[in-house]
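Asker: If you want the building blocks of each chain, they are given just below.
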Amino acid sequence: MKTLRIPRSPKVLLGLGITVFFALLTILGPYLAPFDPNDTSFAPNLTPSWHHWFGTTSLGQDIFSQTLVGARATIVVALVAGLVATMLSMVIGVSAGYLGGVTDDGLSLLSNVFLAIPGLPLLIVIDSYLPVASRSNSLVIGLVIALTGWAWGARVLRAQTMSLRNRDFIEASRIIGESRSRIMFAEVAPNLLPVLASSLLFTVLYSIGAYVTIAYIGLTSTSVWNWGTMLFWAQANNASLSGEWYWFVPPGICIALVGTGLALLNFGIDEFINPRLRESGLTARQRRRRGLPRRVRLGLTPVLRPLATETPRSIPMSEVTS
Amino acid sequence: MSNIDTAVSELQAKHLTKHFKIREPGHVLGAPKVVRAVDDVSLELRAGEVTAVVGESGSGKSVLARLLARIVVPTSGELLVRGTPLAAKARRSLAYASDVQLVLQDPFGSMNPVHKISHNLFRPLSIHGASKDELRDLAGAALQRVSLDPPERYLDRFPYELSGGQLQRVSIARALCVKPKVLLADEPISMLDVSVRLGVLNLLRGLCDNEHLAILYITHDIASARYLAEEIIVMYAGQVVEHSRGTALVDAPTHPYTQLLISSVPDASNPISAAPDAERHNSSSFAQQGCRFSTRCTSVMDICRTQEPPSFVVGESHTSKCWLYRDRPEASVELAIPKRRGEGAKGRK
Amino acid sequence: MSTDALRMRGTKDLVDTATNVPARSERILQIDDFCVDYGVGEGSVRAVDDVELHLDRSKVLGIAGESGSGKSTLVYAFTRLLRAPAVITGGTALFNVGPSEEGGPDEFIDLITADEATLRRVRWQQVSVVLQSALNALNPVVRVGTIFEQVFKAHRQEMSRAQRRARAVELLALVGLNEDRLQRYAHELSGGQRQRVMIALALALDPQLVIMDEPTTALDVVTQREILNELTELRARFGFAMIFITHDLSLLVELADEIVVMYAGRIVERAGGRSLYHSPRHPYTLGLLNSFPPMHGDRHELAGIPGAPPDLSRLPSGCAFHQRCPYAMKRCATERPPLVNLAKGGRSVACWLHEGGEDVVVPVELRRREPSAKAGAS
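Chains as they are written, first to last, in the numbering used here: chain A, 1 to 322; chain B, 1 to 349; chain C, 1 to 378.
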């Protein structure tokens, strides 16, 4: 089994740190929140203080608690949407790429249609048709978002599958008599892991944005706390006009941070999944000390001498001849 | 060496032809060009014998292998397994897969990099009926047959941990897992290191002798064909231009292309100081009319440019597709496949 | 960084009596103590270990070896074309760039310490490279003619457009290609034609040294023969020296003045072409020669070399070849044999067999199977 490897690049470590932090927040948020986010018993419009770290809303609710509790719904919905969309894109993309012919034409047409239709308006339209009861159901919202987010990944996976389809090891599987579905999902798909992982990260990113947007517009139920709903309330109470930055800035920063974390993590995917790609050798400081260039340029193979300095010397003739 | 009179015919091809239609870029209208990748090729693979097909890239040898493996459907011609013809345009079936297996050229490309070696052996075993408990033992046995011993050292490795020679042996082991009668090897040693090649060739020879496999060995290296095979077929532009048993066509080549091929092989014991006779060929396309080699042939005659020659018998079990031998008897398909003593009107068609 | 130019005189220290000027040196390349590693620090792997090479004007040096031998690494390293994570960790590569002033002595530049400007002067004008797979080496989105244009524009700015085109046509004619090939893209040419284009490009600036990295491996045997013959003609005409890298030892016997056999990053044998073939001194060379099935004679089973080429990160102790060697002695497993010159004939071998001891009679004649046209080779 492949052992887990701690990546070394600072970008990736930062991304990993952020992601883990928010993952913990998702699980522990509601328990860590000092107050009930719905509780309106506090003084309204308080600026951040020791008592209320992020201040209070116009209704007297604690913003810090709202942020902590809101993390769960936001991230869970985004995760569900991301997973479902990625699964969909894998099934559709790999089938289209591998099976070719009429199946490919049909599935490509489907992906192209979904790509062409603008995601957000589609989301809004579907959402407005949902019965009010299910608007509070994270799963349903997640599925709806997934429906608008799978098409791009499907195209990418289809292209990758088409290039893998003619590789020798796939031909070898056909020759031993493997069935088509096993080839697609047990032989081709595992080779797509880096693309799938990357696709997942970006789809989750997209889903957060989509979810926050429809929450902001007010299409989701306000009984479930999430960052988008916070922004909704902030907007509804003209927080930006009244200078109550502490109302919309925390959720905004959280969203931005999660996005950044995911994007940074993307850098490390290849390295993580394929252990052979790891950069061997020294850290940047060690390279500098030994006189190695920071970036190796093409056409200028670096020369590493033992640390003693060398001065050019004239070589006597006898040493040149042999 | 096996005795031709008693060897069992495992797979026979008669008049196999494969034409591809391709559209030239920029020529959307009009008839597509036809590429005659394989043209009227007949051969027979017998148990306990190695048949070599020698040709350059573009000669059609790889397409021939895929036609015999039935992963490509022929335009015309038929295949017979142990004398019984197969349904004409059908694709490869599971039953056929358990009889005829194919080993490919690139050892690193033939293994799925994300799966262990064991996976690559378990799959064919499962598909062809082994139960779950037998898998590891059977896979180990297959590795031992290709001299990868002890098998435990290899089963749980990933392909990138093995060398080219070892991976090619695993490829052969994978093919052997289904217990085939025929093994088609498409340039199995071209991508291996020189010092490793002989080992794999000797392995193929051993499998042929000990397990009575029928082996088709495709190569561009005529020296290895001579080393390994009972029968050698030389292909050019999709056709069989010369065919002999034993080393007759290497020791005394009759077709100008075979002669060119043999004179081009670097032979350190007999270095060539002068340029060979054939003209430098700038075009990569074969002659469309008449003999396909006529554009490069130094012995070309008028008839060569207009009419395609049939195969003539130039020796015992030795045929040559060249107008130079038009005074010899023509080879029919039955003669191209050496007749067995005692088989007359009955037997194969 | 300034150029590290080392001035020296011609090797023979001859003086032209008519003009009292030192004659040009015969040596154009001298590599000493050359070492290349992949990676740095722990986990680094030595790919080329302590190699010494030299090449004289208009001569052909053949480098033979398999994967892991270091032959390509060596050559790309001394031309500084090797990519990360390779690092040169020792040695010098002196290249003769000719006299710096009219009538002066030849100047040698150490390519290892040279800066980019110097390398650019040397590259392609003095040293050019023909790569293994021309399809990968030629820019696929550009016409062949444009590639020639790029070469001339980079190195010969004084040429006019007409002159560039004329020169390109001339070069193509040299390798037997029609001028209409200039209009084509790389993928429209056959393998042999592409390789010829690469050779033409390599000769474009009339270099002193052309390096060929397995130029015919990807080609069929007939095209290979044609190209080798063309190379011989071109060499006779232009007098460039050649380094020819290949795994096919039989090619080198015909082609090379001197052959160097490499194994696991070191040179194991060095000899002239014919002597290497007829009387190899290193068991690896013998094994390699026996790995090519003969074209004549009785058919019998050949043994080749057991085992596989070594993993450079896990080399055995002592001689890297000892586990595969039919002549291995106890000493071979513990001590690594140095490359020593044999008594006569400019040959060197790295093998304990030639040091004597343990019932080995020196000089060691390794049994060589001579293929004969008649039966009975044994």
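Be aware that one or more of the hints could be misleading.
As the list claims (entries may be wrong) - Which bits of chain A does chain B cover? Going by a derived footprint, with three or more residues having C-beta under 8 Å, they are:
(1) 80-93
(2) 172-180
(3) 188-202
Honestly, the hints are just simulated from the structure, not real lab data. Ideal Cβ positions, reconstructed from N, Cα and C, are used throughout, including at glycine.
Asker: State the violated hints by number, sorted upward, taking the hints as numbered earlier in the document.
Answerer: 1
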